[in-house]
Every structure is written in structure tokens, then in C-alpha cells.
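Novice: Listed in order, the protein sequences are those of chains W and C. Numbering follows numbering that gives the first Met the number 0, with no gaps: position 182 of the first sequence is 181. Numbering follows numbering that gives the first Met the number 0, with no gaps: position 30 of the second sequence is 29.
No wet-lab data here; the hints were simulated from the structure. For each residue, glycine too, the CB sits at the ideal point set by N, CA and C. Hints are supplied without guarantee of correctness; some may be wrong.
Said to hold, decoys possible - Between beta-carbon pairs, the in silico distance windows are: (1) W:79 / C:173: 49 to 57 Å; (2) C:213 / W:118: 53 to 61 Å; (3) W:68 / C:181: 40 to 48 Å.
Below, each chain spelled out in residue letters.
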Amino acid sequence: MPEIILKTRGLTKCYYSRSLFSTQKVTAVDSLDLDVERGEIFAFLGPNGAGKTTTLSMAIGITEPTAGEIEIFGRPFCAGDIEPLKRIGYCPETTSLPGYFTVVELLDFYAQIFDIPGNIKRQRIGSLLEMVGLYKERNVLLQNLSIGQLRLVDFMQALINDPDLILLDEPTVYLDPVIMERFRGILQHLRADGKTIVISSHMLPEIERLSDRLAIIDKGRLLKVGAKKEFLHGLRLEDEFLRIVKEAHE
Amino acid sequence: MSNLFKKFRGIVLISRDVCRSALRERMMYGFLLLAFLFILMANVPFAVNDPKAFDGQPPAVSAVQIGFVSINIFMVLITVFVSLSTLQNFLDRQRLVLLLSKPLSRWQIIEGVMLGLFETVFLNWCLMTAGVWLVILSQTRELAFYVWSGMSVTALMSLLYVSLVVFFYIIIPNSAAGVLTIFLLIAGLGVPFAQELFDSTRYPHLVSSLLRTGLNVLPKVNDLWGISMTELGLFGLKIQAGFVILHTIALIAVLNAVVCFKFRRFRRA
Chain W
0 MPEIILKTRG
10 LTKCYYSRSL
20 FSTQKVTAVD
30 SLDLDVERGE
40 IFAFLGPNGA
50 GKTTTLSMAI
60 GITEPTAGEI
70 EIFGRPFCAG
80 DIEPLKRIGY
90 CPETTSLPGY
100 FTVVELLDFY
110 AQIFDIPGNI
120 KRQRIGSLLE
130 MVGLYKERNV
140 LLQNLSIGQL
150 RLVDFMQALI
160 NDPDLILLDE
170 PTVYLDPVIM
180 ERFRGILQHL
190 RADGKTIVIS
200 SHMLPEIERL
210 SDRLAIIDKG
220 RLLKVGAKKE
230 FLHGLRLEDE
240 FLRIVKEAHE
Chain C
0 MSNLFKKFRG
10 IVLISRDVCR
20 SALRERMMYG
30 FLLLAFLFIL
40 MANVPFAVND
50 PKAFDGQPPA
60 VSAVQIGFVS
70 INIFMVLITV
80 FVSLSTLQNF
90 LDRQRLVLLL
100 SKPLSRWQII
110 EGVMLGLFET
120 VFLNWCLMTA
130 GVWLVILSQT
140 RELAFYVWSG
150 MSVTALMSLL
160 YVSLVVFFYI
170 IIPNSAAGVL
180 TIFLLIAGLG
190 VPFAQELFDS
200 TRYPHLVSSL
210 LRTGLNVLPK
220 VNDLWGISMT
230 ELGLFGLKIQ
240 AGFVILHTIA
250 LIAVLNAVVC
260 FKFRRFRRA
């Protein structure tokens, strides 16, 4: 029986859009049940506004669920619980990294938050820079990096604590094919190291190549979850994805 | 104990980042430059030969007075505008998301922000006070350490301004926080007048005690000015310094506690 690293039961998030005369309830995530197993790459797919980012935000404690439960590393998790965060790496969909930091300084800043000892910190920063191919740019100010390079810095900060669970929200946006190729290699390497990766993305061909299991959600509801082969049936993932989403809309 | 030390380390780490971000505000250097130009005017009383000028005060007293007023005005400007701008950058949703995904409590983040702003403001205060001190030193050839002790009250006042800006920003996360702070400071300056008004008018006991409590919550900026004037030997003011200083420190502590409490839900959907 594989160990469940991230588990959600009945996870629900409602937003209230208030105007002067009316209040409209928007359900971003609706009774979501997910199980993410140790050592797998779990892809989280859905059209825009499906609730992927909200789900990941709830899993990291940034957003409070309206209802439901989250378990991380086998123990209940709620917003404000910082202990599990020591073992989680999170790369948000969009960030505004402070431009006055160099790449090394930013990684050092986040390493200090995790209280990583000096020698391990230096070694880890060095290997991360080598891994993503930004070693030459290590002393460049973030404000002088391209969007793609900033995305890699975002990715590196998520790995600075050598996390067991890595949550990546649209990590491949802005990456060119060369960097994408490298990125794929990194994720496969991390999986081989026993890390659990949850990835939310629109890049279906990438997901098709990388993931072990998939979940498709739309309008907050889980449409299908299962192993990759259950989605393909000789088709491309993109076709299957469109079919499932269209079926749900009908 | 080590856990507490680790928490404090987190706060210091955030504060360093905030201070670094604040020091990049070009507006601050503009205000500093203007402040130094005003402070340089403290040389004027030494250059004037007419004994009737400046109400017949010794030139050193007039010079300190000019420096004191300049520091007060520019500390308000620097504190309100730089704090506001730094808060807008630092507590930007996208940037906050990344910090919140790290093992830091929300109170650590906001206390780090406060500490960082305190450091920035204190650095500005040191520079401006050094300016006044250098003017006095160069003109009188005396060490004049009273300048530092007297001006220290303006540093305390600045910390209060920072606390007020952060307090209002947590409630209304936009520029209105700065406007509200300035309004409150102006209201604070009117406290003695309002107190006199309440004394001369008959209110039911409950109403007058409530009004008094309300007034005491306002920053006692004017009292602090008085204390500093006494320290600097500018006027023969008699104010119980300890009480007002403690009152102000307590107010800063209360504002901090409220800010920490409110920040639990800041930008959390």
C-alpha cells in the first residue's frame, strides 16, 4: 500500500462576491477528494478558473478551506500550521521576486528561513544553480533576468529546503523548449530521489510525458482521477482532456 | 529558549529584507536632502550679529530649535511615505504568497516588517540628528551631547508614526493608510485643547471619562515635543517625561499587538 503524502476529503472553497444589492456565491473548489502517493508526479489539470491554484493554495495553508479536510504527511493540516511547511516546496503561479536581490542572495534568504546550516546551504545553492543552468547568472540582480530565468529562480527557491513534497503551479510557463527539456530532466531526477511532485499545468504534452497519475477538475469539481494509462486509450492526453471537459459542460 | 531565538531570527531576517527594500526608495533620499538643507539653516543664528534676533535666545538654542523642527517635519514625511511605499511593495499579494508558503508564522512576518521599518526610520533619524549635532559642534566647539538625548524623543515619535502607518495599512491596504496617520497626528496635536474644552464643560461622568480615555489613546505627540524641548533646554517646560514616554511605548506595543492579530487574515481569502 503506497504511502499517501497529500490527502484531501470534501475540500471546498467558496468565495462571496458582494455588491451593494446582492451577494453571489462562487464555489472555486467543490468537495474535492484527492490522494497523492509518495514518489509520484501527480498532474493537476483543468481549464482556466477550474480551481487548481486555489486547491494548491489550500494545500500550503495560504487559503483557508470553507469545508473539508487536508492531511499532509499523514497528519491533519490547517492554515497557520507551519511545521509541515518545512518539508514542502511551493512554486506559485506568479510571483514578484525582489529585483534588488541577486540569484544567490535570494536563495540564501530562503535558505536562512529554513535555518539550513552554512555549509549545506552553500552546497545546495551551488547544486541548484548547476541543475537549472543559472550558475553563470548567480550574481546577477533578479531585475536583470528574463521572465524564463525568473521562473527558474522561483523553481529553485521551492527546492532550497530539499522538500519531500513539491507543489508546482504552472511551472513551465515562459520556459523555452531548451529549458523545458532540462526542467523535465530535473523533475524525473527528483522523482527518482523519492520526492512527491504535484504539478498544475496547461502544457498537456509535457504532462503526458512526465506524470504518473492525473486529475482533471473543472469548476471546482473533480471530473476524473487515475493513472496516466487510464486517460490515454491510444489517444493524446489533449484529446482526452478536451473530451472530458466538454462532456462535463454538456 | 532556542525556539524563541529561532522565531526572532525569522523576524530579523524579514526585517533586513524590508530595510533593504525601504532603502531603495528614492523618495527617501529626496526628503533626506531637503532635511539636510533645512538643518544647514541652523548655522544662521550663529551668523546673525543682532542680539534681538531670534527673541534674544542664545544662538545654540535657536540652532537646535531649527534642527528640531526640521527633524520632526521630515521624520513625519519620511516615515509616512517610505513606510507606505515599502508596505505596498512588501505586502504585495504575489510576494506575500511566497513568504506564507515558508515555515514562518504570520506574526513573524508582520513583526519583521515593523522592525525593518523601525530600522530604516532610526537610520534616517541618526543621520539627521548627526547633521544638527555637527552644526552645533562646529559652531560652539562643544560636544553638545544634549542634542542626541533631546532628539531621541523624535526617534520614539517616529516609531509611533511607523506603528500607525502599519496599523492603518493592515485595515485599509492602500494610500489611505498614510492619510489616516497624518489626520491622527493632527488630531493628537489638538489633545490639550480638547482636554481644556472637556474640563470647562460639564458632561456626565461616564461621558467625560470616555472622552478622556479616547483622548489618551491619541498619540501624545505634543507632549513628546515638550519633553524634547525640556531635554534640549529650549523652554522652561515642566512635563513628566517618564509617564508620557511609557504611555507612547505602551501605545506602540498595543498597535503592534493589534497589527499581529489583524494580520492573521490579511489578504487571506
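Novice: Each hint: holds or not?
Specialist: Tested hints:
1. Between residue 79 of chain W and residue 173 of chain C the CB atoms are about 26 Å apart, so this pair departs from the stated range of 49 to 57 Å.
2. At roughly 57 Å, the beta-carbon separation of residue 213 of chain C and residue 118 of chain W lies within the given 53 to 61 Å, and the hint holds.
3. The supplied range of 40 to 48 Å is met by residue 68 of chain W and residue 181 of chain C, whose beta-carbon atoms lie about 47 Å from each other.
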